[in-house]
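The task is simple: from the sequences and hints, build the whole structure.
Just so you know, the sequences run in chain order A and B. If you count the first sequence from 1, position 61 lands on 61 in the numbering used here, and the numbers rise without skipping. If you count the second sequence from 1, position 29 lands on 29 in the numbering used here, and the numbers rise without skipping.
These are calculated hints, taken from the structure and not from any lab test. A couple of the hints might just be wrong.
Stretch by stretch, here's where chain B covers chain A in the computed footprint (C-beta under 8 angstroms, at least three residues) [claimed, not checked]:
hint: 1; region: 32–43
hint: 2; region: 63–72
Coverage of chain B stretches by chain A, computed from C-beta distances (three or more under 8 angstroms per stretch; other residues unrestricted) [what the hints assert, rightly or not]:
hint: 3; region: 138–150
hint: 4; region: 156–162
These figures come from a predicted structure and were not determined experimentally. C-beta atoms are modelled at their ideal positions from N, C-alpha and C, and glycine is treated no differently.
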Amino acid sequence: MTESPQRPRDDGQDHATGSNTGWLAVSYLIAGMAVWGFVGWLIDRWLHTGGAATAVGIVIGAAGGVYLVVRRMGS
Amino acid sequence: MSSSGAGLLASEFPPSVEEFFPPALFGLDGWLTKFTIFAWVAVGVLIVFFLAASRNPKIVPTRLQWMGESIYGFARDGIAVPNLGHEGVKFAPYFATLFSFILLTNLFSIVPFFQISPNAHIAFPILLAVISYVIFNYVGIRKHGLVKYVKTAVVPNAPWYILPLLIPIEFFSTFIVRPVTLSVRLFANMFAGHMILLVFTLGGFALLGANAWYIQSISVLSWLLAIVLTFLEALVILLQAYVFVVLTSSYIQGALAEEH
Chain A
1 MTESPQRPRD
11 DGQDHATGSN
21 TGWLAVSYLI
31 AGMAVWGFVG
41 WLIDRWLHTG
51 GAATAVGIVI
61 GAAGGVYLVV
71 RRMGS
Chain B
1 MSSSGAGLLA
11 SEFPPSVEEF
21 FPPALFGLDG
31 WLTKFTIFAW
41 VAVGVLIVFF
51 LAASRNPKIV
61 PTRLQWMGES
71 IYGFARDGIA
81 VPNLGHEGVK
91 FAPYFATLFS
101 FILLTNLFSI
111 VPFFQISPNA
121 HIAFPILLAV
131 ISYVIFNYVG
141 IRKHGLVKYV
151 KTAVVPNAPW
161 YILPLLIPIE
171 FFSTFIVRPV
181 TLSVRLFANM
191 FAGHMILLVF
201 TLGGFALLGA
211 NAWYIQSISV
221 LSWLLAIVLT
231 FLEALVILLQ
241 AYVFVVLTSS
251 YIQGALAEEH
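Listed below in structure tokens is the structure:
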């Protein structure tokens with residue numbers, strides 16, 4: 001390990017960032033749907049819209065999550 | 001959740017929610033359970049192991065010294081430095097401790113007479129996740145200051161009109177989803193592993209108690225599967241310890257990063 005510090009470091013980096021990226025993407029998608037779905041649910045409770053706002057909120061949140069994933073990992 | 005096969009067979013069937021709470025030991029109001037003892041055993045074993053491994057170090061390491069150094073070396077060169085660069089070396093002791101503690105406590109789930117990991121009780125993964133959570137936030141706040149740290153963590157690089165949509169997602173993802181998934185991932189893996197081994201081992205006994213020979217003979221298959229799944233569990237044990245530490249290091253890296 002001591003004679004070639006460069007090689008194992010590169011191997012580790014590829015592997016580690018791969019799994020990190022995966023977990024980050026999952027986290028964004030869940031967070032997006034959870035946050036805006038919850039806001040939609042609150043609006044449903046408030047205006048008695050019977051679930052429509054929750055559905056819209058989840059879709060908007062998923063879109064936001066996808067946007068963040070693309071933004072963070074696309075560049 | 002009794003530890004031995006005989007104890008399990010004596011338990012009620014079908015099992016109830018009460019089984020999730022291990023019995024209190026020595027009648028101490030329920031705070032001293034099997035999990036507490038296992039955690040103490042793990043801490044004791046690790047202290048003795050690393051003290052013995054680092055005592056009187058040699059240029060040509062003894063076997064024990066080699067084992068201790070490989071674990072630390074793995075945490076430093078395999079996790080800390082690849083994720084955090086040279087700055088990561090100062091986190092290597094924490095990563096090594098975290099990795100060896102989770103690995104050893106996870107290992108209890110397939111060690112005879114222990115047979116369940118403290119990490120199958122949600123309290124232990126929660127505490128471990130809280131420690132990592134406090135560390136990555138503290139490190140980020142110390143480096144950037146509170147306002148800039150939260151701003152970097154929460155405000156993505158995007159046009160202003162889309163920010164109101166994204167900021168709550170970023171906040172939720174960084175400060176709430178991270179610690180929850182960190183603890184639940186470890187807990188659920190260890191708990192499910194324990195349940196699976198339990199189902200196949202006890203299933204073997206249940207089949208053996210049937211009243212027809214062709215059902216009784218299936219119990220051999222059930223126990224065979226229990227053995228095979230124990231090896232699978234060994235893989236999960238190693239993987240979950242590794243994943244927990246890698247994610248902790250990646251959160252610290254995110255907290256220290258200048259810009260996204």
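Structure-inconsistent hints, enumerated in ascending order
3
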